[in-house]
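Participant: Numbering (full-length UniProt numbering), first residue to last: 1 to 158.
What the hints contain is simulated information worked out from the structure, not anything from laboratory work.
Computed from a predicted model, the values in this text were never measured in an experiment.
Ideal placement from N, C-alpha and C gives every residue a C-beta, glycine not left out.
Don't take every hint at face value.
Derived lysine-lysine pairs resembling BS3-like cross-links, with alpha carbons at most 25 Å apart [said to hold, decoys possible]:
| no. | residue 1 | residue 2 |
| --- | --- | --- |
| 1 | LYS39 | LYS142 |
| 2 | LYS58 | LYS19 |
| 3 | LYS42 | LYS142 |
| 4 | LYS29 | LYS39 |
| 5 | LYS111 | LYS96 |
| 6 | LYS19 | LYS111 |
| 7 | LYS123 | LYS96 |
Computed Cβ-Cβ distance ranges for the label pairs, DEER-style [as the list claims (entries may be wrong)]:
| no. | residue 1 | residue 2 | range |
| --- | --- | --- | --- |
| 8 | PRO36 | PRO122 | 37 to 47 Å |
| 9 | ASN91 | ASP56 | 10 to 20 Å |
| 10 | ASP62 | GLU40 | 17 to 27 Å |
| 11 | ASN146 | GLN114 | 19 to 29 Å |
| 12 | ASP139 | PHE106 | 12 to 22 Å |
| 13 | GLU40 | GLN114 | 32 to 42 Å |
| 14 | GLN53 | GLU9 | 19 to 29 Å |
| 15 | GLN32 | GLU127 | 13 to 23 Å |
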Amino acid sequence: MFLKTTTIEAKKMIGFSTKTSLTNDQTAKIWQQLMPRLKEIKNAVRADLFSLQEYDFKKFNDFSPSTEFIKYALIEVKNYDDIPENFEQFNLPSGKYAVFLHKGTFADFPKTAQYIFGEWLPKSEFELDDRPHFEVLGDNYKGHENTESEEEVWIPIK
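Go ahead and model the full structure; you've got the sequences and the hints to work with.
Facilitator: So, in structure tokens, the structure goes:
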């Protein structure tokens, strides 16, 4: 479901990353690194977590389940002054985003993606921009296997 378009300011984030694909999904590894260490982060902006993807923009139109991309498990911080050991820094650039609500399990996500990229985007006045895509896992996120789980899906547009 489409929620809105909005422009965000740049964000400072910390967490962990891995190279992955849909067929060789390594996402659990970075969340297993981040979650037990959240209490070490003293300057978080809020409790929301970010599941972020960096794609090779030139190859995005040919995306397949075996296409590799960089996946991040992140939290926004006020600054990089007190970063726990071994955490990576990530600077999310400012820009315009289309925001959607995904409700359901991870297995249901292809339906949401099909709506965004197959229906909404082609019919909109926007085109995909070459910036990170991300999901915000807030208060209504109940885990990737919970049918009542909700997350915001942020798609970069111009």
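Participant: Now tell me if each hint is right for this structure.
Facilitator: So, going through the hints one by one against the coordinates:
1. In summary, the hint linking LYS39 to LYS142 is supported, as the alpha carbons are separated by about 19 Å, within the 25 Å threshold.
2. Between LYS58 and LYS19 the CA atoms are separated by roughly 17 Å; this keeps the pair inside 25 Å, and the hint holds.
3. Distance hint between LYS42 and LYS142 is fulfilled; the C-alpha atoms sit about 24 Å from each other, no more than 25 Å.
4. Note on LYS29 and LYS39: the hinted pairing holds, with a Cα-Cα distance of about 18 Å set against a maximum of 25 Å.
5. For the hint pairing LYS111 with LYS96, the CA-to-CA distance comes to about 23 Å; that is within 25 Å, so the pair holds.
6. Annotation: proposed proximity of LYS19 to LYS111 holds, straight-line Cα distance about 24 Å (limit 25 Å).
7. For the suggested pair LYS123 and LYS96, the alpha carbons sit about 17 Å apart, so the restraint of at most 25 Å is met.
8. Separation of PRO36 from PRO122 is about 42 Å and conforms to the stated range, judged on CB atoms against 37 to 47 Å.
9. A hinted range of 10 to 20 Å holds for the C-beta pair ASN91 and ASP56, which are about 19 Å apart.
10. Distance hint for ASP62 and GLU40: a CB-CB separation of about 40 Å, inconsistent with the stated range 17 to 27 Å.
11. About 21 Å separates the C-beta atoms of ASN146 and GLN114, a value consistent with the hinted range of 19 to 29 Å.
12. The hinted range of 12 to 22 Å is satisfied by ASP139 and PHE106, whose Cβ atoms lie roughly 19 Å apart.
13. The supplied range of 32 to 42 Å is met by GLU40 and GLN114, whose beta-carbon atoms lie about 38 Å from each other.
14. Here the CB-CB span from GLN53 to GLU9 is close to 20 Å, well matched to the stated 19 to 29 Å.
15. At about 36 Å, the beta-carbon gap between GLN32 and GLU127 misses the expected band of 13 to 23 Å.
The structure does not agree with the numbered hints 10, 15 stated previously, though it agrees with the rest.
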